[in-house]
Each structure stands twice: as C-alpha cells, then as structure tokens.
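**Q** Sequence:
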Amino acid sequence: MVYETFSAEETARLGRKIAEQIQPGSVCALSGDLGVGKTVFTQGIAQGLGIEESVCSPTFTILQEYEEGRMPFYHFDVYRIADPEEMMEIGYEDYFYGDGFTIVEWADLIPELLPERYLKIKIEKDPEKGFDYRRITVEDKVQSGAGDGERL
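First residue of the sequence shown: 157, per the working numbering; consecutive thereafter.
Errors might be hidden in some of the hints.
[Claimed, not checked] DSS-like, lysine-lysine: derived pairs with alpha carbons at most 25 Å apart:
{"no.": "1", "residue 1": "K278", "residue 2": "K173"}
{"no.": "2", "residue 1": "K173", "residue 2": "K297"}
{"no.": "3", "residue 1": "K276", "residue 2": "K173"}
{"no.": "4", "residue 1": "K297", "residue 2": "K276"}
{"no.": "5", "residue 1": "K173", "residue 2": "K285"}
{"no.": "6", "residue 1": "K278", "residue 2": "K297"}
{"no.": "7", "residue 1": "K297", "residue 2": "K281"}
{"no.": "8", "residue 1": "K173", "residue 2": "K281"}
[To be verified] Pair ranges (Cβ atoms, derived):
{"no.": "9", "residue 1": "D296", "residue 2": "Y235", "range": "19 to 29 Å"}
{"no.": "10", "residue 1": "M157", "residue 2": "D288", "range": "19 to 29 Å"}
{"no.": "11", "residue 1": "F216", "residue 2": "E241", "range": "17 to 27 Å"}
Think of the hints as simulated: they come from the structure by calculation, not from any bench.
Quick caveat, the model's predicted, so the values are computed rather than measured.
Virtual Cβ for every residue (Gly too), placed ideally from N, Cα, C.
Can you build the whole structure from these sequences, using the hints too?
**A** Here's what the structure looks like:
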C-alpha cells in the first residue's frame with residue numbers, strides 16, 4: 157500500500173493509524189534518507205500505542221524502550237551499527253521476538269537480522285510535489301531463511 161502525506165502532522169497521523177493494527181511481537185523495518193520523517197512517523201506510532209512520553213531518535217544510544225502504552229515499544233536506530241555483532245551484544249532478539257512492538261530505523265543496514273515476517277515501511281521525498289510531501293510505502297514482508305514466529 158502506498159500513502160501520500162503533505163505535512164509532518166499527516167505523516168504522524170498515518171503512524172497512529174498503523175499503530176491501531178499492530179500486534180505484540182511485530183517488527184517494523186523503517187527506511188528512508190536522512191531528514192525524511194522516520195522519527196515523525198515513529199512518534200505517530202508511539203502515540204497510537206498510547207505512549208505519552210516524548211519519543212526521539214535513539215541515534216547515539218541505539219535503543220529506546222517505552223513501557224507505558226498498550227504494549228512495550230522498542231525503538232532502534234541502527235544507523236551507527238558497523239557490524240551485526242553489535243546487535244547481538246544489545247540482545248536484539250529479546251526485542252524482535254518479545255511481547256512488544258519493535259521499530260527499526262535504518263533497517264536496510266541489518267537485513268540479515270530481520271525476522272522472517274515484518275512490516276516494511278519506506279518513506280521518500282519528492283521535491284517536485286512540495287517540501288513536506290512524503291510517499292510512504294507499507295508492505296507486509298516475508299523473507300525465506302530468516303527468523304521465525306508470527307508478525308504483523
């Protein structure tokens with residue numbers, strides 16, 4: 157499914173709408189260039205899960221955990237991950253295969269670690285359609301030979 161948004165608020169609203177469908181144990185692989193709105197979208201997801209705490213990108217900490225919503229929410233930013241081994245040290249599997257919802261910004265940098273089934277979301281700009289325009293592609297992805305378990 158492809159969505160178009162024309163403001164940061166619309167991008168966050170789409171995140172809130174998608175959050176309504178998220179089930180515990182789901183993983184979202186989020187991709188897009190710097191400044192495209194990944195964090196704004198993630199903030200919308202968090203709001204949709206009932207998280208009132210301020211959500212920001214965990215670029216330097218890799219992971220932020222939020223427990224106050226309708227399920228635990230784990231927000232990874234793997235932009236600074238140089239080697240998948242670093243994800244092993246964090247214990248990513250506990251999050252990816254746990255009872256919460258995990259969103260991974262820059263997930264295209266760690267494709268080998270993604271579970272067999274996940275929600276793939278790509279956010280893109282198109283300057284010809286305006287500064288705040290975003291094309292957001294949402295796809296339920298299944299890859300063979302990856303992890304196991306049910307996902308969104």
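**Q** Run through the hints listed earlier and report the numbers of any the structure violates, in increasing order.
**A** none
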